[in-house]
Each structure stands twice: as structure tokens, then as C-alpha cells.
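**Student:** Model the full assembly from the supplied sequences, consistent with the hints where possible.
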Amino acid sequence: MKHLFTLDEWSDFDQTLADAQALKKNPLAQQHLGIGKTLGLLFFNPSLRTRMSTQKAAQNLGLQTLVLNVGQDGWQLEFETGSVMNLNRAEHVKEAAQVVSQYCDILAIRAFASLQNVHDDQAEKVLRSFMEYATIPIVNMESATAHPLQAIADAMTINTHKKKEYPKVVLTWAPHPKPLPQAVPNSFVRMMRHQEASFVIASPSGYALDPKLTQGIKCTNNQREALEGADFVYAKNWSSFSAYGQVLRTDDEWMITQEKMALTREGKFMHCLPVRRNVVVSDAVLDAPNSLVIEQACNRTYAAQAVLQKILQDG
Amino acid sequence: MKHLFTLDEWSDFDQTLADAQALKKNPLAQQHLGIGKTLGLLFFNPSLRTRMSTQKAAQNLGLQTLVLNVGQDGWQLEFETGSVMNLNRAEHVKEAAQVVSQYCDILAIRAFASLQNVHDDQAEKVLRSFMEYATIPIVNMESATAHPLQAIADAMTINTHKKKEYPKVVLTWAPHPKPLPQAVPNSFVRMMRHQEASFVIASPSGYALDPKLTQGIKCTNNQREALEGADFVYAKNWSSFSAYGQVLRTDDEWMITQEKMALTREGKFMHCLPVRRNVVVSDAVLDAPNSLVIEQACNRTYAAQAVLQKILQDG
Amino acid sequence: MKHLFTLDEWSDFDQTLADAQALKKNPLAQQHLGIGKTLGLLFFNPSLRTRMSTQKAAQNLGLQTLVLNVGQDGWQLEFETGSVMNLNRAEHVKEAAQVVSQYCDILAIRAFASLQNVHDDQAEKVLRSFMEYATIPIVNMESATAHPLQAIADAMTINTHKKKEYPKVVLTWAPHPKPLPQAVPNSFVRMMRHQEASFVIASPSGYALDPKLTQGIKCTNNQREALEGADFVYAKNWSSFSAYGQVLRTDDEWMITQEKMALTREGKFMHCLPVRRNVVVSDAVLDAPNSLVIEQACNRTYAAQAVLQKILQDG
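In order, the protein sequence lines correspond to chains A, B and C. Okay, so the first sequence: first residue is 1 according to my numbering, each after it adds one. Okay, so the second sequence: first residue is 1 according to my numbering, each after it adds one. Okay, so the third sequence: first residue is 1 according to my numbering, each after it adds one.
Calculated from the structure, these hints are not laboratory results. One or more hints might be untrue.
One copy or two, either will do: identical chains are not told apart, so a pair holds if it fits within one copy or between any two.
[Stated by the list, open to error] Listed below are the simulated SDA-like cross-link pairs for lysine to any residue, each with C-alpha atoms no more than 20 Å apart in a straight line:
{"hint": "1", "residue 1": "178", "residue 2": "87"}
{"hint": "2", "residue 1": "37", "residue 2": "62"}
{"hint": "3", "residue 1": "2", "residue 2": "133"}
{"hint": "4", "residue 1": "37", "residue 2": "27"}
{"hint": "5", "residue 1": "310", "residue 2": "35"}
{"hint": "6", "residue 1": "37", "residue 2": "313"}
{"hint": "7", "residue 1": "25", "residue 2": "37"}
{"hint": "8", "residue 1": "24", "residue 2": "162"}
{"hint": "9", "residue 1": "24", "residue 2": "102"}
**Tutor:** Encoded structure:
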């Protein structure tokens with residue numbers, strides 16, 4: 001069964017990237033591939049870009065879609081094995097996954113980190129349970145620790161705009177008032193292992209990402225030094241990994257500004273959106289021609305479409 | 001006008017069952033029947049299986065779908081005649097039903113029992129109002145007292161797995177922490193009147209179903225005796241009918257276990273889902289090869305599809 | 001870029017009206033016009049008629065649809081320029097509009113008046129922001145001050161039922177327990193400027209509409225006098241414009257009754273729905289053959305379809 005869980009298990013990264021770029025040029029090229037088939041989209045959390053771009057990708061492939069906002073349209077699911085279900089959870093994922101598998105040909109799922117407990121989030125209970133019990137391919141639309149569709153779209157964006165073989169790419173933490181998951185930076189890090197680039201991760205003290213993921217990658221607490229000569233600046237907030245899920249600071253010292261972008265080599269600015277203006281990044285940077293955030297969002301359609309296409313072709 | 005309200009008024013039960021089995025073998029056989037037509041789905045209550053399987057059925061027939069979560073996407077409806085609508089209900093069903101009839105060709109509705117008042121629930125105000133005021137066929141996706149699509153799917157399942165002409169079928173009450181409607185057991189009882197079978201209903205004292213429905217059917221308070229030699233065990237919780245809507249007990253004496261299933265003749269286990277594991281039924285029974293619950297859910301698509309097909313053909 | 005914001009900027013009113021009537025006779029005549037294209041529907045507020053009729057219109061044209069309940073499926077948007085977004089709004093409309101433009105070919109938006117502040121509502125921040133930042137045509141599905149699709153449907157209805165070249169049309173305020181926007185009456189007034197008719201607006205003291213819109217139109221506080229000899233009576237509640245957003249009275253003196261309709265020349269009764277029975281209008285008037293409310297709702301599909309068709313043809 002071909003799932004997209006994280007990029008680590010997705011063996012076709014380079015092919016998917018090439019497919020995505022081709023589909024961007026000709027979105028309806030494979031519009032008969034999905035005829036008579038159905039993509040289910042299960043949302044345990046809110047979604048704008050992912051919801052719309054993944055549905056659009058499905059439509060471009062001729063797939064029907066069934067959207068379910070779990071909890072809102074349906075009810076809470078139980079994920080523990082052997083539990084006595086006499087509280088608030090009306091259905092076990094074991095049934096839900098098998099049942100939904102009968103109505104759909106592919107199932108895309110969004111289930112964010114709770115940020116309460118590092119072990120629970122790293123266990124990825126929602127995605128792993130569906131991969132275990134469903135009988136159809138599962139596509140990750142952002143799980144507790146990974147957002148691979150975003151990373152594929154980001155890779156497309158970098159490849160389109162890089163002016164040399166070995167660009168400098170900086171992933172920098174940025175401020176945010178609320179605790180956010182590490183899924184996006186995690187997948188960006190995984191994706192960068194497929195790229196020819198000088199890659200640096202900059203974050204304040206206490207905000208190092210999961211060390212298992214960043215092994216061998218240059219990490220620094222000095223944002224300005226990291227930005228020097230950068231070709232791409234990917235800004236993103238995440239909550240602390242070591243003090244798991246906590247917000248350790250909300251000051252604006254790490255906000256991306258024009259003055260900081262001046263340190264780069266006419267660096268392109270990237271962010272996965274939604275972005276809080278004048279908190280994560282100043283208006284001036286976001287509105288400048290070097291900002292690629294809208295193109296990143298555009299590429300989400302073709303990233304999803306390339307993944308769905310591969311799954312349909314292999315099925 | 002051909003509505004599916006309860007199986008009592010649906011004259012085509014045997015044909016529908018045959019159609020459903022045929023569609024299961026070839027789901028897209030009638031994919032042009034619904035072209036240019038629209039199925040509306042109105043949900044007054046949550047839904048996972050019914051939402052997805054009924055949409056899937058529509059898609060298999062080439063129907064467009066319009067889904068409305070009433071109250072959440074729209075507003076509360078008024079059902080009383082002559083009321084002065086100066087409180088919380090913004091629209092009368094008389095308008096809503098006529099209006100929706102103009103946007104759809106068939107309208108499927110889910111509106112659960114309130115379990116507050118037996119007369120209100122038996123009046124079936126939501127379904128009956130729509131049948132009165134709408135100008136298009138109405139399909140019951142579970143109303144206060146009936147869930148015919150589930151019963152058709154259950155009949156398909158029994159027919160597929162019965163090993164003799166006259167199997168023993170037991171409908172047994174099972175525990176649950178919350179008050180549940182009687183719609184599923186009611187429709188199961190109605191459906192069983194079309195089956196050649198020895199049919200027994202087992203429930204604890206105080207949990208007899210509506211006596212108008214069970215007239216002439218063997219009912220017992222002795223679950224073990226009922227299970228003896230059973231070919232099919234259909235477990236389901238429902239709240240009390242006589243002490244209307246009440247939960248009289250939550251102990252696990254009536255839970256279906258392996259030890260109880262050993263009383264049967266290698267009986268198949270059935271449940272409409274969602275099911276609370278280790279409350280209604282033990283993990284071991286649900287996970288055994290004799291459990292048919294996933295197949296029952298699968299059959300929901302073709303039950304709905306056969307009903308929609310019949311309505312489209314007659315229209 | 002061809003937007004439908006208010007009827008004032010929509011240069012094709014007469015053509016659109018003719019197209020809508022033609023589409024009503026043959027809804028699928030242009031069913032290939034939208035193939036491979038997508039209509040996005042963004043709801044900042046609840047919707048039944050508009051949601052279903054606009055989706056139906058899209059389906060009739062072969063358009064795919066992507067529905068987003070903003071805030072419920074996604075998150076709150078920021079509309080202020082230059083704000084430091086460290087509170088509850090996670091994304092700026094500047095990004096949201098550009099992003100959604102990449103997934104859709106046309107974007108329909110519903111965003112009601114807040115009725116808190118006349119300047120805010122008249123600024124029409126939601127619609128104007130999307131028109132500024134989106135790169136695709138925007139269609140108004142009811143904004144703070146306008147509901148043009150309703151007015152086009154109303155014009156269709158009047159044209160179908162008028163028995164003389166120069167009918168008398170009365171727009172009359174009616175009671176309602178809650179503060180309602182002025183969008184519907186505003187657009188009705190704009191639409192009536194395209195009609196050959198004797199047009200009178202009747203409202204109690206304190207309920208005059210925006211004087212910029214009603215300039216040159218006969219306005220009166222005498223409902224009975226206005227109704228005399230009327231061919232069409234359009235009833236609608238709205239909150240006060242001068243005491244902005246307030247409910248000044250809830251008594252039933254202005255409710256439309258049979259006794260009042262007897263003053264008309266067998267006048268037709270109109271209302272945009274949802275309507276509160278026996279508050280805005282009595283059951284007897286609404287249920288009489290002269291009531292056109294269901295036909296008005298029917299026409300919503302073809303009003304939307306004519307607008308979408310024009311946009312697709314011009315694109």
C-alpha cells in the first residue's frame with residue numbers, strides 16, 4: 001500500500017517533484033486518471049489552503065471528493081486499543097478506517113499535534129491508526145510531526161527560483177503569540193536532504209527542532225549570521241521541542257524585516273501561510289517582489305496532484 | 001411521489017434488495033441515470049457512514065450532490081403550523097421544503113429522535129413535514145423512528161451469509177452509556193418481516209420496543225436463551241420505549257462476549273456502527289472473522305444507490 | 001476584471017435578466033461553459049438558499065465548486081492594513097484572496113453587515129478587500145450593503161407576473177424581533193431603477209433607508225396609503241439606518257395581513273426568505289396563490305447562473 005506519511009517513506013521524491021512541475025504546466029493532462037474514483041478528505045482540524053488545493057488537485061485528476069469534518073460533521077474517534085468506550089468517543093478508528101476505505105479509493109487526513117505530550121505527538125496515533133486499519137492509501141495533509149505536501153510545494157518553489165546549483169537556504173524560527181506544531185519545519189528539513197544546498201537552521205535558545213531530524217545540519221542561535229548571503233529565507237514559528245509545546249518568548253527580535261533581508265544575497269522570502277503580518281514578518285518583506293509565499297500556495301495544488309497521480313498510477 | 005420513509009410504505013423491498021446486490025457487483029452500471037440531476041442531503045444531526053455512503057451512491061449514479069448541515073450552515077427551522085415566529089426559528093419548513101425542492105431532484109434527510117417525548121418523535125415532524133411540503137421525493141437517512149437504508153443494507157448482509165433457508169436471527173439489546181433512538185431496531189424489525197427466518201428479540205425488562213411494531217414476534221428477557229443456536233446476532237442499544245428515552249441500566253450484563261457467542265451456531269455478529277467497544281460488544285467478538293459490521297457498512301452505499309436508482313427510474 | 005459587487009457597477013443588467021429567463025427554460029444549455037473551471041464559495045455567514053442555488057447554478061454550467069465556511073472550516077481573517085497580527089486573526093485577506101485566486105476561477109462571497117457601525121458596513125471591507133487582492137472575478141452573495149443576486153431574481157419574478165407596462169411596486173418595511181441588514185432592500189431599490197414602474201417605499205418613522213440610495217424615490221410612513229392599488233408588495237424587515245443597526249419597534253402594526261392586501265389591486269406578495277410567519281406576514285397572505293416567494297427562490301438559481309455565465313463568457 002502506497003501511503004504518503006512523511007517524505008522519509010515516500011520513495012519517489014524526485015519523480016513527484018518533476019510530475020508536480022509538469023502538472024503545473026498542464027493541470028488537466030491526467031484528468032481521466034481518477035474517473036469513477038473518490039478521494040476522501042478527513043479534517044480533524046481547520047484548513048483553508050490544504051482543503052481547497054487538495055480538492056482542486058482531485059478535481060484536476062477527475063476524482064470525486066467526499067469531505068468530512070470529523071467531530072463537527074461526525075463524532076469523536078477512539079484511538080486506544082482495548083479501551084472500554086463508555087465516555088465521549090463514539091467510534092473506534094478501527095471501524096472508522098475500515099468503513100471509510102469502502103467509500104473512497106484514497107484517504108487524505110489532517111490531524112494536528114496536540115502539543116500536550118511529545119510522546120503522544122510523535123506516536124502519530126491518528127495517521128498511524130488509519131494506515132494500520134484502512135485498506136486504501138493514506139495521504140498526510142499535516143499530521144502531528146509532518147506536512148509533506150507543503151514540503152513538496154516548497155521544493156518546487158526553490159527549484160523554480162534558484163539561480164545557482166548550490167544556493168544557501170535558511171530556515172529561521174520567527175515569533176508567534178500561540179504555540180504552533182513543528183510539522184512544517186520538520187518536513188522542510190526532511191525535504192532539504194534531497195536538495196543540493198547550503199542549509200542552515202536558525203532558532204533562539206530553547207527552540208531547537210527534534211535532534212533526530214536535524215542531525216548533521218548546521219544549526220545556530222545567531223539569526224543574522226545565518227541570513228548573511230542567503231538565497232532563500234524560510235521563516236516559520238514553532239513551539240519548543242525540548243520544553244515541549246511551550247511558547248518561551250513572544251518578543252519581536254526574531255521577526256523578519258527588510259533590514260534583516262538586506263543581509264541576504266537578494267534572498268527570496270518563503271512562508272507556508274497563514275502568516276501573521278508584523279509578527280512573523282513585516283509588511284514590507286511580505287509585499288516585496290522577492291516574497292514567494294503566494295507561489296508556494298499555488299504549488300500546493302500540484303504537489304497534491306503529483307502525489308495523488310502517483311498513487312492512482314501505482315494502484 | 002415515491003418517498004422512502006419507512007419500509008412499510010416502500011413497496012419494492014425485494015426488487016430493491018436485488019438491485020442493491022447487482023449494483024454492488026457493478027457500481028457504475030447506471031452511472032448515466034442521474035446526469036444533470038441533483039441529490040440534496042440535509043443533516044439535522046451528525047453523520048459519517050450515512051453522509052459518505054449516500055454521497056458515494058449518488059456519485060455512482062452520476063448525480064450531483066448539495067450537502068447542507070441545517071443549523072450549522074443555515075438556521076433552525078420551525079415545524080409548527082400557525083406559530084408566531086418571533087423566537088429562534090428563522091424559517092418555516094413549509095418554505096424551506098418548497099425552496100429546496102427547486103434546487104434538487106431528490107432530497108435525503110437525517111433528523112434523529114429527540115427522545116424527550118414519545119408523541120413528538122412518533123409524529124416524525126421533520127420527515128413528514130418535508131414529505132408534505134416538498135415537491136420532490138424524500139429519502140429517510142434516519143428519522144426519529146426509522147432507518148430504512150440501514151435495514152436494507154442489513155438484509156443484504158444476512159442474505160449473503162445465510163447458510164440455510166430459515167436461519168435463526170436474534171436482535172439483542174446491548175448496553176450503552178447514553179440514550180439512543182429506536183430507529184435502527186425498529187427498521188430491523190420491519191425488514192425482518194420480509195425475511196424467511198426464526199426471529200427473536202431479546203431485551204432486558206423495561207426495554208421492549210414499540211409493541212405496535214413487534215406484534216407477533218417472539219420477544220424475551222432471556223438473552224442467553226435467545227442466543228442459543230442463533231445464525232445471526234444483531235446487537236444494538238436503544239433507550240427505553242415505555243419509560244420513553246430513558247437509560248434504565250448501564251451495567252455490562254447484556255454486553256456481547258465470546259462466551260455468549262459460543263451459545264450460537266457459529267453465529268455471525270452484526271451491528272450498524274458506530275459501536276462502543278467493550279461496552280456494546282467485546283473486542284474479541286468484533287475482531288473475529290464472524291463479525292460482519294464492516295460489510296454492513298459497505299452495503300450502505302448500494303442500499304442507498306438502489307433506492308435512488310428506483311426513484312430516478314420511476315421519476 | 002468583471003465583478004458583481006452591486007448592480008450599480010454591473011453594466012449588463014438587462015442582458016443578465018434576459019439570460020436568466022432563458023436559462024430558466026433551458027438550465028443545461030451552457031453546461032460545457034464551465035468545464036475544467038472552479039467556483040469558490042466563501043461563507044462568512046449562514047446560508048441555505050444562496051448556498052444551494054449558487055452551487056446548483058455552478059453545476060448547471062459544468063463548474064466544479066469548492067465551498068469554505070470561513071471561521072468554521074478555516075480561521076478568522078484580518079482586514080486592516082498595517083496591523084500587528086498578534087491577536088485572534090491568523091491570516092490577512094491579502095494572502096487569503098491571492099491564494100484562493102489560484103485554486104478557483106471565480107469567487108463568490110457572503111459577508112453580512114455587522115450592524116455595529118455604519119461606516120464599517122458601508123466600507124464593505126470584506127468584499128472590497130477581496131476585489132482588491134484577488135486576481136479572479138468576485139460575485140457578491142450578500143455583503144454588508146447589497147444582495148444583487150436576490151434583486152436579479154426579484155426582477156425576473158416581477159417581469160414574469162406584471163400585467164401592465166407600468167405596475168405599482170411597494171417595498172414595505174415589516175416587523176422582526178432581531179436587527180437585520182439593509183442589503184436586500186438596498187439592492188431592491190437599485191434594481192427598481194431599471195424597471196418601468198411606480199415605486200413607493202413605506203417604512204415607519206426611524207426606518208428610512210440610506211438617503212443616498214432612495215434619492216428621487218417616493219418614500220412614505222403611511223403603509224396603507226402605499227399599498228392602495230399596488231400590483232406588487234415586497235415586504236422586508238431591516239434595522240434602522242439613522243439609528244444604525246437598532247430595532248426601534250417590534251409591534252405587529254406593520255405586519256402584512258390579508259386585510260392590508262385587500263387594499264392592493266390583487267397585488268402579488270414578495271419576500272426574499274427566510275420569512276418569519278405571523279411576524280413579517282400572516283400565514284394567510286403567504287399561503288395565498290398571490291404569494292410569489294417560492295418562485296423568487298427558484299429564480300435565484302438562474303440569477304446566479306446568468307451572472308456566472310456572463311463572467312465565464314467575458315473571461
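**Student:** Treating 20 Å as the Cα threshold, decide for residue 24 and residue 162: within, between, both or neither.
**Tutor:** within (18 Å within a copy, 52 Å between copies)
**Student:** One pair to classify: residue 310 and residue 35, alpha carbons no more than 20 Å apart. Within, between, both, or neither?
**Tutor:** Classified as within; 15 Å inside a copy, 24 Å across copies.
**Student:** With identical chains, the pair residue 37 and residue 27 could be close in the same copy or across copies; at 20 Å between alpha carbons, which is it: within, between, both, or neither?
**Tutor:** both (18 Å within a copy, 11 Å between copies)
**Student:** Using 20 Å as the alpha carbon limit, work out where residue 37 and residue 313 are close: within a copy, between copies, both or neither.
**Tutor:** Answer is within; shortest intra-copy Cα gap is 12 Å, inter-copy 24 Å.
**Student:** Is the C-alpha distance from residue 37 to residue 62 at most 20 Å within one copy, between copies, in both cases, or in neither?
**Tutor:** both (8 Å within a copy, 12 Å between copies)
**Student:** Can you give me the call for residue 24 and residue 102, within, between, both or neither, at a CA distance of at most 20 Å?
**Tutor:** Between copies only: 11 Å across chains, 31 Å inside a chain, cut-off 20 Å.
**Student:** When no copy is named, should residue 2 and residue 133 be tagged within, between, both, or neither for a Cα gap of at most 20 Å?
**Tutor:** Only inside one copy: residue 2 and residue 133 sit 14 Å apart there, 39 Å across copies, limit 20 Å.
**Student:** Go through the copies and call it for residue 25 and residue 37: within, between, both or neither, with a Cα cutoff of 20 Å.
**Tutor:** Between. Shortest inter-copy distance 16 Å satisfies the 20 Å Cα cut-off; intra-copy 24 Å does not.
**Student:** At most 20 Å between C-alpha atoms: does residue 178 with residue 87 qualify within a copy, between copies, both, or neither?
**Tutor:** The answer is between: 9 Å across copies meets 20 Å, while 30 Å in one copy does not.
Comparing the model with each earlier hint shows no violations; every hint is respected.
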